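Undergrad: With chain A's structure known, arrange chain B on it following the hints.
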Amino acid sequence: NAGVTQTPKFQVLKTGQSMTLQCAQDMNHNSMYWYRQDPGMGLRLIYYSASEGTTDKGEVPNGYNVSRLNKREFSLRLESAAPSQTSVYFCASRIGQGAHYEQYFGPGTRLTVT
Amino acid sequence: AQSVTQPDIHITVSEGASLELRCNYSYGATPYLFWYVQSPGQGLQLLLKYFSGDTLVQGIKGFEAEFKRSQSSFNLRKPSVHWSDAAEYFCAVGQTGANNLFFGTGTRLTVIP
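Protein chains in written order, with this note's numbering: chain A, 1 to 114; chain B, 115 to 227.
To be clear, the hints were calculated from the coordinates, so they are not data collected in a lab.
Nothing here was measured: the structure is a model prediction, and the numbers come from that model.
Where a beta carbon is used, it is the ideal one built from N, C-alpha and C, also for glycine.
Hints may be right or wrong, so weigh each one.
Below 27 Å or equal to it, Euclidean Cα-Cα: the simulated DSSO-like pairs (lysine-lysine) are [what the hints assert, rightly or not]: (1) A:K57 - B:K163; (2) A:K71 - B:K163; (3) A:K57 - A:K9; (4) B:K182 - B:K163; (5) A:K57 - A:K71; (6) A:K9 - A:K71.
Examples of chain B residues lying across from chain A (beta carbon under 7 Å, computed) [what the hints assert, rightly or not]: (7) K163; (8) G167; (9) T219.
Computed footprint of chain B on chain A; a stretch qualifies when at least three of its residues, placed anywhere within it, have a C-beta under 8 Å from a C-beta of chain B [stated by the list, open to error]: (10) 10 to 23; (11) 36 to 42; (12) 70 to 79.
Same shape as in the complex, but just chain A (with noise of 0.2 Å):
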């Protein structure tokens, strides 16, 4: 049992180049999200998936894309990278929509874009 896993765990992108962030998970859990890391910021939502087939906005959607391949697969794509996409990045899961249950984490990937 892996948990969340993510790919790759580090990458260098120029500005302009693309790329797609990569998570799964193995818990059979219904609900995926990524966040972006920034210092003194926490976590912003970037985009989440309720459930397989469904993906939502969150407080910073611009600039990627997200597919929900599978119930297991949730895919960041940064179409044209920015500098200002530096961040690490997390992808999570949790196993339904209530409130109180936890986010499971992935171990992140640091994009540095120059």
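TA: Here is chain B on its own, set in the frame of chain A:
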């Protein structure tokens, strides 16, 4: 709108000393409250959570937190800190009808010998 405030950006304590990390929330109804810990280069791990019942909750690694409705607080405590507790700590709140958690900006804990 809901919000979470962690007023202390950085705290330094001596090993063996007690610890209290502050968290205040703004939310009209009964919140669901969480504390997470993030070790350097790692993801977030749940320490404890509160959503009903006893206002003093016990978590992993010897941590506890107390929900005080009158103060809108959910402070994290540990009676004796170990060097391995050095990490960043995040308070988060969930609310009925919202699908995500709202996180505070975090408190970085340094433990000195």
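Undergrad: Of the hints stated earlier, which fail here?
TA: Numbers 8, 10, 12 - these are the hints that the structure violates, sorted from lowest upward.
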